[in-house]
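With chain A held as given, fit chain B with the ligands onto it using these hints.
As they're listed, the protein sequences go chains A and B.
Counting with the numbering used here, you get residues 27 to 103 for the letters of the first sequence.
Counting with the numbering used here, you get residues 713 to 1086 for the letters of the second sequence.
For the record, the hints were derived by calculation from the structure and aren't laboratory data.
Since the model is a prediction, treat every value here as computed from it, not as a measurement.
Okay, derived cross-link-like pairs now, DSSO-like style, lysine-lysine, Cα gap no bigger than 30 angstroms in a straight line:
no., chain 1, residue 1, chain 2, residue 2
1, B, K793, A, K38
2, B, K769, A, K59
3, B, K952, A, K38
4, B, K820, A, K96
5, B, K793, B, K815
6, B, K936, A, K38
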Amino acid sequence: MHRLQWEEAQQKDVILYPEGMVELNQSSAEILKLCDGTRNLDQIVVDLEEKFATTGLKNDITSFLEVALKNGWIQQD
Amino acid sequence: MAGSNKTNITPPRWLLAELTYKCPLQCPYCSNPLDYAKHSDEISTEDWKRVLSEARKMGAVQLGFSGGEPLTRQDLAELVKHARELGYYSNLITSGYGLTEEKIIQLKEAGLDHIQVSIQASTQDLNDHLAGTESFEHKQEVARLVKKHGYPMVLCVVIHRENIHQMPEILAMAEELGADYLELANTQYYGWAHANRDLLLPTQEQFEQAEEIAQAFKKKVAGKMKIYYVVPDFYEDRPKACMNGWGTTFLTIAPDGVALPCHSARELPGLDCPNVNDYSISEIWHDSKAFNFFRGNEWMQEPCKSCDEKDKDFGGCRCQAYILTGDMYKTDPVCSKSPDRKVIQDAIDSARKSALSADEQPLIFRNSKNSKAY
Ligand code: SF4
Ligand code: SF4
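Pulled out of the complex, with its shape left as it was, chain B reads as follows:
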């Protein structure tokens, strides 16, 4: 495929193991594919062990167990143990739902390095509304137990228009729970978040105000709590550096064994993403069409092609270009040099209109009933 130069392929460093699409929660900003209900197959414990071993051998070292809700996999502790033996630094990315003290201890003994608990909001009402499930008190309890058992406590809050006004309370909650790391992830508009964008995208004023509060807090807790602030790229004039370069660093394996250069890449047409049932990780990483598709920069069109910033942002996000312009080769429309920048402004305007409008549309929750409609 265009753009590949086999001698320059760097090994994967991060492996994201999406163990399952099953999840007891229904977050309307979930990054899983809208049609996840169609992909209900799950690869076996032995398959996962082989994937972990092969990727580790190539150089992967950071490992995330995610989903869906990875705790729904009965073999989680076994996989964690295998990962530890291989020398991974492993992270459980969980909603906390279904996590008991017994399980926390069991996973610690198996060698899990940290647990990232996501909380939807700083109040019970809003958390439970967004999660589509009563879960607020349990999540707080889980966060305390994670800390109690000696894990670094990583708290993740996805930020959008429904909770952005709670920024001060969210920060206070993180402090109260003793978080070591706080990830404030402004929603990225893929999957379910894209479907709910009019209801989730904050206005520029809301975003600026929240950011100011978060930045002041970051200074205040420097040395005690580390803040990861994921910017909402719609209000930037340069796109994010997609995946640190396509096929350079990140490898995602979906529940059914499909290997993805980015967790949204399933939506892109014609990539023929390979399955770990058919190929080794090394073949997938080096030789597959999907992983070579946007490697390097020969695939680029103008204005990226002749832009002197292309080694910095790689032309932005391919999935965003595809979702918003219908052409995955185009410049990410977030870029102010993109001829399609108007679609971003239209999205911002449309969300603002919806924010000001009296009749609220309902959010589309992520569940299998709604998924079957796609």
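With the rest of the complex left out, here is chain A:
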């Protein structure tokens, strides 16, 4: 129902859905790209902390995923 894609003209990732579009900042886009049905929350946190060589991302990621869930950008099994 929602499509995440890179927009060359805007140099941004966007989410497209009926009648609308949300522009994502880089970190939101990185999180969403990992929501591919193969990883759970802890794995997403581990992957991103590794990727950005940092720790303590869990709270930020959790609150963003809550927003994403509420907006229907992702679904929960």
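Below, chain B with the ligands without anything else, positioned relative to chain A:
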């Protein structure tokens, strides 16, 4: 033209491709021009592909195929496929008339992202009366098939005095059909709707009651169904933000290739709207007279000119100012600061009188016979 500042021009994001003015239905609130019968030319498949490619390159990403009834174009699936390859998020805006399961599958395979089906009312009698064609059962079937084949289901109901009393039933119907999105579009009074305004404009009480029901429903289905509620601006005291700013976001291409900053802009005098047969989309967007006409705010008159809300609503709708005051530069008369606000009150009063009157005038249906009279 006044108001343009070329360095500040943002690229189009939404492309509305009005593929054809042909339509098997005859809705009396249709937003197509009254004289659409005069504009029966249609640009070719290759022209449309070029338009889609050029607009996409500039940054357009949301694409609506509309009309008339876009399904009457034989090349629809080919255009959908082209759009998908370019990376558009494409939407078919249809009455559902003529949509078969086979076609729904074919369009899905071509890459269509969603289908918006419009239904006129919650009952067969009224739906078929408003559409001017027997279509209610077929539309319900289409809505189910859209869902079955994995599209987000967007249901659109245009609201006016003939169906506003059905609000609870309309909402129940949307729920029953499993709509993911429901667009409750209070009629905007352009084109055919303007010609039928006395018969279509609800009274304030009707409108308030319906809105209350719709808002309660919106809360109830939050998280399951998304409601887009298009307000009827006659009962507001600020106008709508016309086109999100003229020439900032929206690009409409009419069936004959005329490029419009708003789908009603054809009615405005002296814009010389350019045709895609003569110019590239980039030239049209950046350099044409029509797209620069109301760009920015230097064209404004008082009270808009010195108003601190002008960056919020851009002085309202240019077509509404023109239709209702005869001067397209004026403040949208919906605004309570407009010296012409009286024309809105007159329209409301006149519609109320017609609602209470015993002898009903007939609606003017949108068909080519009636169109030729304009
Ligand atoms: S006066 Fe013009 S700019 Fe100010 S609120 Fe009214 S329409 Fe908008
Ligand atoms: S003026 Fe604006 S909102 Fe109004 S019909 Fe035209 S463009 Fe649309």
